[in-house]
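Q: Sequence:
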Amino acid sequence: MSTGQLGQGQGPSPNEPLPDSFCDVINLTIGSHLTVNPGYPTHNGQSLKSGDLPGILDSPGIAAVDDEHTQYPTFNPEKLYDPPYEAHHDAAPAPPDSSQWIPIPLRTWFWVSYVLVLVAGAIALEVALHFSHKNHGWPTKENAEKGILHYVYTLPAVGVTMILVGMWAWTDLEVKRLQPYVDLLHGGSPPQRSLLLDYTRTHNAFVWVKATSNRHYIVALASIMALVALSFQPVAAALFSVRDAYQTLPETSVNNLRAISLNQDQQIQDLTSFLGASGFASASIVYGLGDPAFIHDGYTLGAFELPLNLATNGTLKANTTAILTDPGCRDPDRPVTMNRFPDGSGWNNSATFSGCQFFWQVDKSSVHKFGAETMSNCTVFNTTDVSFAPVIFWFFTYSPTAMASVTMCVPEITLLNVEATVDLASSNLTHVRPLSNLTVGQGVSTEYAGNVTGAPLYGRAYNGLNWTNLVSDPFVNARAGAIQLQLPAAVFQHAVQSAEGLTEAFVNNTFASLSATVYTKYLSILATLLYFVSAPRPMTVTVSTFQKRLFLSDVAVHLLSIGMLVLALFGTIMHLLHRYDRRGLRLLHEPGTLASAAAFTAQTPMAELLDGRQRPEEINQALQNLRFRIDPLRMKIVTEGEPGYETAQSPTGWRKSFFGTTFRRGEPTNGDVLPGPSPPN
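For what it's worth, the UniProt record's numbering labels the leading residue of the sequence shown as 1, then goes sequentially.
Derived from the structure by calculation, the hints contain no laboratory data. It is possible that some hints are incorrect.
To be verified - Each computed SDA-like pair below joins lysine to any residue, with the alpha-carbon atoms no more than 20 Å apart:
| no. | residue 1 | residue 2 |
| --- | --- | --- |
| 1 | LYS134 | PHE546 |
| 2 | LYS364 | ALA303 |
| 3 | LYS317 | PRO434 |
| 4 | LYS210 | ILE224 |
| 5 | LYS141 | THR312 |
| 6 | LYS141 | VAL152 |
| 7 | LYS548 | ALA238 |
| 8 | LYS210 | PRO190 |
| 9 | LYS548 | LEU129 |
| 10 | LYS141 | ALA402 |
| 11 | LYS141 | ILE224 |
| 12 | LYS141 | PRO434 |
Please read all numbers here as calculations on a predicted model, not as lab measurements.
Work the whole structure out from these sequences, hints included.
A: Right, here's the structure in full:
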């Protein structure tokens, strides 16, 4: 049927219904007599009132109104009461939640997982720091501060933080990209906050200022958190450091080489070892030598293996046995009595020790004279066996005047269980701590100590100066004489080298302490020869040494943990606020492309409004003083004044949509009620 025929009143039978599609083109056929706007039924150019509806519904066809030659089509009642925007050929119903497009970083599964990773990472860092302190770090190679190992322990942490920072940067970007659409969703949006807004082209250092001025506080919060996240990488690079740490290694087993027992080997009777011991004692005074291995401050330990395969620079601690030597040196009861020979050729000197007198004479053959011998014929002390008799060190000088000094030493030994500390670098004892007195058969290598504590020694100490069983070997006798001369010579030299000097040593009679120093060193060395025998036994030792250890930095761990928790907290707040703010935004596709822009503005005045405008000033001028929103049903950008614009909510404060009356997804608020007739009951 042609339009001309319709205008002449030639049309279908009044009872013949028109096709539904006819309503879509009726504006083109009946001009001013009947105007059908999209979804708004009108009659003679006027909007239909609810009172007009029964007349229309009761008519079988098109009713004549003013012109008898004009006919009107019959309306389908179902089409009449369709929602207004569904009368458009391009309109679509609100998509279900499953068909909505939401950026991946804003999806619940993504950001909840991200927040949990941040919280778990912060907790893991603090736990790792605790174990770093507890275990004194973790072992690493000697060259871990340089080379490939340096990157092995630093790059993984940096890589993980790069991923975390990148994930938040992605989130921040999507929040910025969606902000114009969120603003349009709430309506009343000027172009500067919607159509012309692009936060992605502003540096994060400044974008939060711009977002705050636009009252887009969620964008500002996301940008600030992005700046916080940028600090993760340099802090992560400082998490680990390699330091020298004094570390105690697990206990290890070594061989205890010598055990306490009386050495009855006849070979030691040639006094060669004794002479060497006296020479070392003398040299240690003259040249400042320290104690030999396994000897320290009068303690003598049986030698044991040092686990140098574990460490060459550190300390070793071991529970073992030792012999403590006390020289028992003392001054006479009274000052030395000096009597000059009548002819002036020398002096006769005497001293008393606990009632026992000791006499010695000197001549003028030398300015300084000294000697050492054992005391005899004294009932107070055991002098029946000269090997255990007290030792006398006497000294005489003619400069600056005639002076004499004498010291008696009564050596004793004590068998002990001790804790020994050995310096692995020098193999020297550095400390010995007594634990208890030794009991035969109890402790490390104590099963052979019975012949020292019992017969034949009965706990007595050899004096090391006199032997009753010396053979008539001139060389052995010469060695014995050398020992008796070498020891007092070392004491005399000690007095010469002392701070007070030789004269003051005579005046103050300090030779007792000087003699004790030299004699103790000599007897301690002899103890290794006299009171220990070879008897290898396993023993447990503990080694402590400096190692290259990998540590966590306290400051870096705390800073990174706090930063991750702050990002997790404010990230959660941001996501919850943003989810609520965009709850009515139902995008069917990813915005940002040219096709997407065309889809949002197709068949809207926006196309004509911006037609031919390319320069920024032209676009700004065209959009000036206009306000926009997104039609929540068609997802089209509409301009203030267009039909349907009234469905927008006007933001109050920074977001009425957040602080205003809440509604469930899919339920319109009072401001979202679409105009038009009510559907039939």
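Q: Hints the structure violates: just list their numbers, smallest first.
A: 2, 10, 11 and 12
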